[in-house]
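2 protein chains.
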Amino acid sequence: MKNYHVKPDSKLSLAHFDPDDTGDYKKTESGKEKAKAATEKLIGKLSELQERLYANGNRALLIVLQGMDTSGKDGVIKHVMSGVNPQGCKVVTFKTPSVEELDHDFLWRVHQKAPAKGQIGIFNRSHYEDVLITRVHGRISDKMVKQRFDQIKEFEELLSESGTVIVKFFLHISKGEQKKRLEERINNPEKRWKFSEGDIEERKFWGSYIEAFEAMMAATSTDQAPWHIVPANRKWYRNLIIADHVVDALESMKLKTPQAPAGINFNTLKIE
Amino acid sequence: MKNYHVKPDSKLSLAHFDPDDTGDYKKTESGKEKAKAATEKLIGKLSELQERLYANGNRALLIVLQGMDTSGKDGVIKHVMSGVNPQGCKVVTFKTPSVEELDHDFLWRVHQKAPAKGQIGIFNRSHYEDVLITRVHGRISDKMVKQRFDQIKEFEELLSESGTVIVKFFLHISKGEQKKRLEERINNPEKRWKFSEGDIEERKFWGSYIEAFEAMMAATSTDQAPWHIVPANRKWYRNLIIADHVVDALESMKLKTPQAPAGINFNTLKIE
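Listed in order, the protein sequences are those of chains C and A.
FYI, the numbering for the first sequence is 3 to 274, going by our numbering.
FYI, the numbering for the second sequence is 3 to 274, going by our numbering.
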């Protein structure tokens, strides 16, 4: 289940990663049910760990979700994170930057949304869009892309050194799976609200996006802020893998029972 | 279940409201189990309505939670809102204002945190603290309190006229119940992190707080932004009442199936 970690400074070819993979789980109804049960268990654990994170209030978790259109970023949030206490979990969706945001460096608006101590922050798309869509459409030079990779690494290092654990997921679907999902949105009137003509436009650049993702992950996967490639053709396996990594990330913090405030003698306190 | 709505411009005496009330539910294990089952059902409905609110993206819901220390504001968020997709739900906890915030009017920081279209916003404490704690400790004049009541009403009217439905809850516990809950925090080492010496200090002003709450609710309960007094000595009844009101508020929006984006001929669209 843990084979999809992108090693720092490695060459990366997404062709070697099967978006259809389901690990030890069979691609049958019973395999799916088993994976779902395992996911439920992990989500229970996640909720407990999140309570502890919140109560301690000295660490934070940042989850970055990236992937092609329809790869399941919204689905992950809905299915993996819906059991979590919303008081300790903030989702940030980065849209087209505003005029004010464009008047600042590309990390300005992102830094403002970094999770506070005690919180889980989920970036549904992120600062990585600024080395993807811009690159695919030739809006920034290769030199600038490299510069941004370095800036991103240093920014994430700052967060990490300040107590934030970072996990980054690339939801890996095949081009055929995207076709199926877009057709579903088109043919099912209940799902049409999610459809955007831009999705068809961007799909024409599939190959360039894959290259941009490969370069991006190879350059920005670090020990403190690793990229994980998540086989995402099957939603149930995708959810399992992510729940598993998120639990791991929280466990790595070794969160203790939260401390009582200092300087109070609890044995002599009386409530009138 | 709906008798606890504060009528606009009415005189209000909290002594007439029983914090121990459980409505049609018996104060027994079986009454509690029945109420919990009813709450679960409402939470399921709430999740569905929230999905629709998010997909439509043209209305918002603002939930304001106020009440004495230990009255259960955090508990409501945990138990009523944990099933909700965190992508469409933002909790804001208002703490002591920062120096920058104090350099602005008291609604400045609050306005920034108003829920966006498609979102449920939950204020855990709110702008109402600025007519409560300040008043109880004589930090603002009666004239200023009155002025703030008017300013709050106009602010909430603006939000309401812009598509936000507002529901405000006062979690009503008795002084004896607070004593029990504070003692629990003191005696249970696992709960001590929630304890603050300020809680004991503020408890000394119980009577003044009750008066401040009464005046505040009488002055600021409007048709668009009503106050509800929630009997909160029993957590299971408190959760039920709030889930019920939140579902009502979402239903009042009469949210339709979200519309497909305009100008697209879905019948001729082809995905290559």
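Since the hints were made in silico from the structure, they are not lab data.
These numbers were taken from a predicted model, which means no experiment stands behind them.
Hints may be right or wrong, so weigh each one.
Since copy identity is lost for identical chains, a pair holds within one copy or between any two.
[As the list claims (entries may be wrong)] Capping the alpha-carbon separation at 25 Å, the derived lysine-lysine pairs in BS3-like fashion look like this:
no. : residue 1 : residue 2
1   : Lys272    : Lys177
2   : Lys272    : Lys36
3   : Lys119    : Lys80
4   : Lys34     : Lys119
5   : Lys155    : Lys272
6   : Lys193    : Lys119
7   : Lys206    : Lys47
8   : Lys80     : Lys115
9   : Lys43     : Lys80
10  : Lys80     : Lys38
11  : Lys196    : Lys258
12  : Lys148    : Lys28
13  : Lys196    : Lys47
14  : Lys80     : Lys272
15  : Lys196    : Lys181
16  : Lys13     : Lys193
17  : Lys28     : Lys38
18  : Lys193    : Lys272
19  : Lys97     : Lys115
20  : Lys80     : Lys47
21  : Lys272    : Lys182
22  : Lys119    : Lys196
23  : Lys256    : Lys193
24  : Lys36     : Lys196
25  : Lys148    : Lys196
26  : Lys119    : Lys145
27  : Lys9      : Lys193
28  : Lys47     : Lys13
29  : Lys13     : Lys155
Here's how the hints hold up against the structure:
In this homomeric assembly, Lys272 and Lys177 come within 25 Å of each other (Cα to Cα) only across copies, at 15 Å, whereas the closest approach inside a single copy is 66 Å. Proximity of Lys272 to Lys36 under the C-alpha cut-off of 25 Å is found in neither arrangement, the shortest distances being 52 Å within a copy and 36 Å between copies. For a Cα distance limit of 25 Å, the shortest separation of Lys119 from Lys80 qualifies both inside one copy, at 23 Å, and across copies, at 19 Å. Neither within a single protomer nor between protomers do Lys34 and Lys119 lie at most 25 Å apart by alpha-carbon distance, with minima of 36 Å and 36 Å respectively.
Neither within a single protomer nor between protomers do Lys155 and Lys272 lie at most 25 Å apart by alpha-carbon distance, with minima of 51 Å and 40 Å respectively. Proximity of Lys193 and Lys119 under a CA criterion of 25 Å is satisfied inter-copy only: 19 Å between copies versus 37 Å inside one chain copy. Proximity of Lys206 and Lys47 under a CA criterion of 25 Å is satisfied in neither setting, with 41 Å inside one chain copy and 40 Å between copies. Taking the closest pair of Cα atoms, Lys80 and Lys115 come within 25 Å of each other both inside a single copy (20 Å) and across two copies (23 Å).
For a Cα distance limit of 25 Å, the shortest separation of Lys43 from Lys80 qualifies both inside one copy, at 16 Å, and across copies, at 19 Å. For the homomeric pair Lys80 and Lys38, the shortest alpha-carbon distances inside one copy (14 Å) and between copies (24 Å) are both at most 25 Å. For the homomeric pair Lys196 and Lys258, the shortest alpha-carbon distance between copies (15 Å) is at most 25 Å, but the shortest distance inside one copy (42 Å) is not. Taking identical chains as interchangeable, the C-alpha atoms of Lys148 and Lys28 are never at most 25 Å apart, the minima being 41 Å within one chain and 67 Å between chains.
In this assembly of identical chains, the alpha carbons of Lys196 and Lys47 lie at most 25 Å apart only when taken from different copies (22 Å versus 31 Å within one copy). For a Cα distance limit of 25 Å, the shortest separation of Lys80 from Lys272 qualifies neither inside one copy, at 45 Å, nor across copies, at 29 Å. Proximity of Lys196 and Lys181 under a CA criterion of 25 Å is satisfied intra-copy only: 15 Å inside one chain copy versus 50 Å between copies. When the C-alpha separation of Lys13 and Lys193 is checked against a cutoff of 25 Å, the pair qualifies neither within a copy, at 38 Å, nor between copies, at 49 Å.
Taking the shortest alpha-carbon separations for Lys28 and Lys38, only the intra-copy value of 12 Å comes in at or below 25 Å, while the best inter-copy value is 38 Å. Within a single copy, Lys193 and Lys272 get their C-alpha atoms only as close as 58 Å, which misses the 25 Å cut-off; across copies the closest is 16 Å, which meets it. When the C-alpha separation of Lys97 and Lys115 is checked against a cutoff of 25 Å, the pair qualifies both within a copy, at 13 Å, and between copies, at 18 Å. In this assembly of identical chains, the alpha carbons of Lys80 and Lys47 lie at most 25 Å apart whether taken from the same copy (17 Å) or from different copies (16 Å).
In this assembly of identical chains, the alpha carbons of Lys272 and Lys182 lie at most 25 Å apart only when taken from different copies (11 Å versus 65 Å within one copy). With identical chains, the CA atoms of Lys119 and Lys196 are at most 25 Å apart between copies only, with a shortest distance of 16 Å across copies and 33 Å within one. Taking CA atoms no more than 25 Å apart as the test, Lys256 paired with Lys193 passes between copies only; the shortest distance there is 19 Å, against 41 Å inside one copy. Proximity of Lys36 to Lys196 under the C-alpha cut-off of 25 Å is found in neither arrangement, the shortest distances being 30 Å within a copy and 38 Å between copies.
Within a single copy, Lys148 and Lys196 get their C-alpha atoms no closer than 33 Å, and across copies no closer than 46 Å, so neither meets the 25 Å cut-off. With identical chains, the CA atoms of Lys119 and Lys145 are never at most 25 Å apart, being 35 Å at best within one copy and 39 Å at best between copies. Taking the shortest Cα distances, Lys9 and Lys193 never come within 25 Å of each other, neither inside one copy (37 Å) nor across copies (41 Å). Within a single copy, Lys47 and Lys13 get their C-alpha atoms no closer than 35 Å, and across copies no closer than 48 Å, so neither meets the 25 Å cut-off.
With identical chains, the CA atoms of Lys13 and Lys155 are at most 25 Å apart within one copy only, with a shortest distance of 17 Å there and 60 Å across copies.
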